[in-house]
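Once you've looked at the hints, dock chain B against the given chain A.
Number of protein chains: 2
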Amino acid sequence: MAKADAGTGKTAESAKDRHRKILETAARLICEKGYEGASIQDIADACSLTKAGLYHHIRSKEHLLLEIQNYGMDVFEEQVLSQVVAIVDPVERLRACMDKNVLLVTQGWSKEVTIILHEHATLTGDARSQINSRKKRYVRFLESSFAEAIRSGRIRPVNPTVAAFSFLGMVLWIYKWFRSDGAITPDGLSRDMQDLFFGGLERAPAPLPPPRRKAARA
Amino acid sequence: MAKADAGTGKTAESAKDRHRKILETAARLICEKGYEGASIQDIADACSLTKAGLYHHIRSKEHLLLEIQNYGMDVFEEQVLSQVVAIVDPVERLRACMDKNVLLVTQGWSKEVTIILHEHATLTGDARSQINSRKKRYVRFLESSFAEAIRSGRIRPVNPTVAAFSFLGMVLWIYKWFRSDGAITPDGLSRDMQDLFFGGLERAPAPLPPPRRKAARA
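For the protein sequence lines, the chains are A and B, in the order given. Heads up: the first sequence begins at 71 in our numbering, then just goes up one per residue. Heads up: the second sequence begins at 71 in our numbering, then just goes up one per residue.
Isolated chain A, as found in the complex (with noise of 0.2 Å):
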């Protein structure tokens, strides 16, 4: 057993856990009642709380919109984004990408934290643009991604910005269809989308060098 804190009968990490469990059933009730809909009663009763004990664990509810985007923002990274940066071959960099973005929006994570990360504009001023920023580098770096592709004729010339707003589009509506209990699983999902979309970008290996002689004045 984890050792526990003194004093609170808490570990560290159970209190990391809380505090996701706090933020993904936020997540599920904004996503039920909408963010004006769902009090911060409501929320305070979903996570069996008191209001004056989830206040405990939340700014206002505003702020508690900002950390759920921070922590979907947070898994991202961690499961995404960082697996994949050190991939030398821009090619195979961007198809692990896919391939790690599709098993994080079928299974990684819930549904509800997906469209909170998404769907909600509610966020204003300096919230807003902090979590604007950190979806904007994920952006540059499927856009360099595909530029360093094509510069070294990895793949044909695409417009680098398209194709990257193309993989997220096709990745990140994902949530809106699939489902969990249906015939694609999420590893044949993440095959078959690599497949359509790089399978016709990708440059065909070089021909083989002529032969010497000269076949071709005749």
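There could be a bad hint or two in this list.
When chains are identical, the list treats them as one kind, so a pair holds in a single copy or across two.
[Unchecked claim] In silico lysine-lysine, DSS-like type, Cα no more than 25 Å apart, as pairs:
1. Lys-205 with Lys-246
2. Lys-86 with Lys-131
3. Lys-91 with Lys-181
4. Lys-246 with Lys-121
5. Lys-103 with Lys-181
6. Lys-206 with Lys-121
7. Lys-170 with Lys-246
8. Lys-86 with Lys-181
9. Lys-206 with Lys-181
10. Lys-206 with Lys-246
11. Lys-86 with Lys-205
12. Lys-103 with Lys-246
13. Lys-181 with Lys-205
14. Lys-246 with Lys-181
15. Lys-170 with Lys-121
16. Lys-103 with Lys-131
If you're looking for bench data, these hints aren't it; they were derived computationally from the structure.
Positioned in the frame of chain A, the structure of chain B alone reads:
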């Protein structure tokens, strides 16, 4: 000038325009304040109507949401689906469909209508089924067009369901990032996206037949 209806002083056309204007205003408000946050009074105010006046045009707040979604699907079917269903070649059909859908999303209607159509899960029961079945019709059309293109050898074999949802994800994600004052034009985006998606799917022209003499036996 259009002929006015006796008594009301309004033409049939302007009544339709008026209704459309109410739906677009309500869509904007629901996006700004959330479905729970936007009251019927707010919507009436934004339409320069009294609450009673607004109720002359709409049945209830939930029905208004259904009307906005049906209006979105009407415009989509009129400007995209009905323009392309009759195209015989499946790849030409799918390319034209992508073109018209990109143009619709970038300049054809309000962003708020797209948001309400794709992000608001507030509808329940029959209303929800009605919109879902209209959306499913589009998915089935795409799937069957991809399947037909594969059968006829026009594109390389891919999973038609994954192709259909990838097409949709690419096209529908556009409202999240496209800026009409940005560097990418609607026409340019349509062209680049078609190239990205279909450029690698369409089969290359059949290779020239090999030369008759046996050159490779040496």
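**Request:** With 25 Å as the alpha-carbon cut-off, assign the pair Lys-246 and Lys-121 to within, between, both or neither.
**Result:** Answer is neither: 33 Å inside a copy and 35 Å across each miss the 25 Å cutoff.
**Request:** Could you place Lys-103 and Lys-181 in one of the four classes (within, between, both, neither) given a Cα distance threshold of 25 Å?
**Result:** both (15 Å within a copy, 23 Å between copies)
**Request:** State whether the alpha carbon distance between Lys-86 and Lys-131 is at most 25 Å within one copy, between copies, both, or neither.
**Result:** The answer is within: 19 Å in one copy meets 25 Å, while 40 Å across copies does not.
**Asked** Between copies, within a copy, both or neither: which fits Lys-206 and Lys-181 at Cα up to 25 Å?
**Response** For Lys-206 and Lys-181, the Cα distance is within 25 Å both inside one copy (21 Å) and across copies (21 Å).
**Request:** With 25 Å as the alpha-carbon cut-off, assign the pair Lys-86 and Lys-181 to within, between, both or neither.
**Result:** within (20 Å within a copy, 38 Å between copies)
**Request:** With 25 Å as the alpha-carbon cut-off, assign the pair Lys-103 and Lys-131 to within, between, both or neither.
**Result:** For Lys-103 and Lys-131, both the intra-copy (14 Å) and inter-copy (15 Å) Cα distances are at most 25 Å.
**Prompt:** What label fits Lys-246 with Lys-181 when the C-alpha limit is 25 Å: within, between, both, or neither?
**Reply:** both (9 Å within a copy, 18 Å between copies)
**Prompt:** Under a CA distance limit of 25 Å, which applies to Lys-103 and Lys-246: within one copy, between copies, both, or neither?
**Reply:** both (18 Å within a copy, 23 Å between copies)
**Prompt:** From the Cα coordinates, with 25 Å as the cut-off, is the pair Lys-206 and Lys-121 best called within, between, both, or neither?
**Reply:** Neither, since 35 Å and 42 Å both go past 25 Å.
**Asked** Between the shortest in-copy and the shortest cross-copy C-alpha distance, which are at most 25 Å for Lys-206 and Lys-246: within, between, both, or neither?
**Response** both (22 Å within a copy, 12 Å between copies)
**Prompt:** Is it within, between, both or neither when you check Lys-181 against Lys-205 at 25 Å Cα-Cα?
**Reply:** both (18 Å within a copy, 20 Å between copies)
**Intra- versus inter-subunit Cα pairing at 25 Å for Lys-205 with Lys-246** = both (19 Å within a copy, 12 Å between copies)
This entry does not satisfy hints 4, 6 and 15, going by the numbered hints stated previously.
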